[in-house]
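Letter by letter, the chains look like this.
4 protein chains.
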Amino acid sequence: MPFDHATADRRIRDSFARMQAMTTIGASVAAVREGEVDVVLPFSAVLTQQHGFVHAGIVATIVDTACGYAALTMMPADAAVLTTEFKLHLLSPAKGDRFIASGRVVRPGRKLMVCIGEVFAEDGNSRKQIALMTASMMVVETTTGLRD
Amino acid sequence: MPFDHATADRRIRDSFARMQAMTTIGASVAAVREGEVDVVLPFSAVLTQQHGFVHAGIVATIVDTACGYAALTMMPADAAVLTTEFKLHLLSPAKGDRFIASGRVVRPGRKLMVCIGEVFAEDGNSRKQIALMTASMMVVETTTGLRD
Amino acid sequence: MPFDHATADRRIRDSFARMQAMTTIGASVAAVREGEVDVVLPFSAVLTQQHGFVHAGIVATIVDTACGYAALTMMPADAAVLTTEFKLHLLSPAKGDRFIASGRVVRPGRKLMVCIGEVFAEDGNSRKQIALMTASMMVVETTTGLRD
Amino acid sequence: MPFDHATADRRIRDSFARMQAMTTIGASVAAVREGEVDVVLPFSAVLTQQHGFVHAGIVATIVDTACGYAALTMMPADAAVLTTEFKLHLLSPAKGDRFIASGRVVRPGRKLMVCIGEVFAEDGNSRKQIALMTASMMVVETTTGLRD
Chain A
25 MPFDHATADR RIRDSFARMQ AMTTIGASVA AVREGEVDVV LPFSAVLTQQ HGFVHAGIVA
85 TIVDTACGYA ALTMMPADAA VLTTEFKLHL LSPAKGDRFI ASGRVVRPGR KLMVCIGEVF
145 AEDGNSRKQI ALMTASMMVV ETTTGLRD
Chain B
25 MPFDHATADR RIRDSFARMQ AMTTIGASVA AVREGEVDVV LPFSAVLTQQ HGFVHAGIVA
85 TIVDTACGYA ALTMMPADAA VLTTEFKLHL LSPAKGDRFI ASGRVVRPGR KLMVCIGEVF
145 AEDGNSRKQI ALMTASMMVV ETTTGLRD
Chain C
25 MPFDHATADR RIRDSFARMQ AMTTIGASVA AVREGEVDVV LPFSAVLTQQ HGFVHAGIVA
85 TIVDTACGYA ALTMMPADAA VLTTEFKLHL LSPAKGDRFI ASGRVVRPGR KLMVCIGEVF
145 AEDGNSRKQI ALMTASMMVV ETTTGLRD
Chain D
25 MPFDHATADR RIRDSFARMQ AMTTIGASVA AVREGEVDVV LPFSAVLTQQ HGFVHAGIVA
85 TIVDTACGYA ALTMMPADAA VLTTEFKLHL LSPAKGDRFI ASGRVVRPGR KLMVCIGEVF
145 AEDGNSRKQI ALMTASMMVV ETTTGLRD
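Chains as they are written, first to last, in my numbering: chain A, 25 to 172; chain B, 25 to 172; chain C, 25 to 172; chain D, 25 to 172.
The shape of chain A in the complex, shown without the other chains (with noise of 0.2 Å):
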């Protein structure tokens, strides 16, 4: 199955969309191509932990968004993705202007895919690293009644 881009774009800002969580913290698709999603996020106050630090759980949830829909660009029309698991290693405290959640996949798997995350820190000019994921992520046949 070639990769359509115009295809995959569309099904990923669809599906996206229909995340609510992703309204909630004001996140965005910035980018799709065939194995690598990324999602912006911009810092928010409300957002922080105690420390005034994007909490790390918010990091999660960008990198594991750009994650699973890096392993859905690469999955059957008619699959779903699940997070089975991630690990996420917090590098430097989260803060900046906004963070880029970058997504990829390093093992297409026809049952599950692995894929590396990473989240930069975007300050004016400079870009920084901020966390390291890995995840593994299951493709669900549509059997299950799950769809992407």
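A hint or two may mislead.
The list treats identical chains as one, so a pair stands whether inside a single copy or across any two.
Unchecked claim - Listed below are the simulated DSSO-like cross-link pairs for lysine-lysine, each with C-alpha atoms no more than 27 Å apart in a straight line: (1) Lys119 x Lys135; (2) Lys152 x Lys135; (3) Lys119 x Lys152.
The hints are simulated quantities; they were obtained by calculation from the structure and are not laboratory data.
Given the structure of chain A, go ahead and fit chains B, C and D onto it with the hints provided.
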């Protein structure tokens, strides 16, 4: 340093109250014990992913918080807590009326604490485990300017 | 499919006997229960790292084996087991007379099983947990040519 | 502290030589660079699991070693290195003539270093990534009695 419940309870709740992300998602502290903290989150549609379940990253947010504060109950009064990494297994879709995240310390190191977190979905009278976390929490000295 | 102890015990021990790595390091099966397997490893200097403790990778070897076989006790007779990922926390240095790795299934999925593994060091009459694993085990169909 | 290749190379190889587990499995140091170490392991049937592939725990052993020593190249002369946790994704069965584990530091913290490890299987002229690790390495002070 013997454990004083009233002091620990106040410390955790004061720090939790400064986490704007908790207000945003609607989470609160349910219980504080030595090396154990429970966080509760009622279901809300604004926290869902594309299939209508609570987003895995929001699940991570409450259980990371529970684990971090579980660790903080065992730290010196002048220390702060910072997550260095966590791994989350999603065992079942996050559906239910409310979610209880329980964090507990399994290794209370002087510099690094290892925690286990479990998340349960409650629906009427039923209760089901939906997620499992292991996390590393760093004991941060006040010389860094951070405090909890 | 009801659990039959004698069948499971034979299946695990037969498969274990084909693992040359177990003979090489000196590990053996200590117990087989439904969804739980214990592996035992006597201390040997030939398994140590630079500080004289058993190498973290050897600890991983016995607890990954315990988790994999714990999962296999809950799989169909014509399936094989394959680790897709694991995470290991090293809680204390691996020193002692012998090490017991206990794996147990926490989510027996049809395609993927999630396990927890714990490793204990025994020294005379004392027993101390030294490691904690969570792992994902895939149920591999026999059409792949693999069998356990 | 500027990086001195000769000093780092000697330090890593001396410490590696004290790891009896490396001799037991037949691994050796292939390369030492600033923040990067490669370990090589020829295939041997005595390291296999039940399907004839090298055991996941042995794969973990070489890549944990590569990551730990990658971190050590960036630590003060009087420090020792200790793995606190790692996660390993098994991307493909470990089959081939030899295996190269490459560890590199992605965050050289003063107390904790985060590393990525990759394992490649080589077979004749082909080379394939079979595993991916992320790991946390603690900088241990000499007051503990440990030294590398």
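Requested in this report: Please write out, lowest number first, the hints stated earlier that are contradicted by the structure.
Outcome: Violated hints: none; all satisfied.
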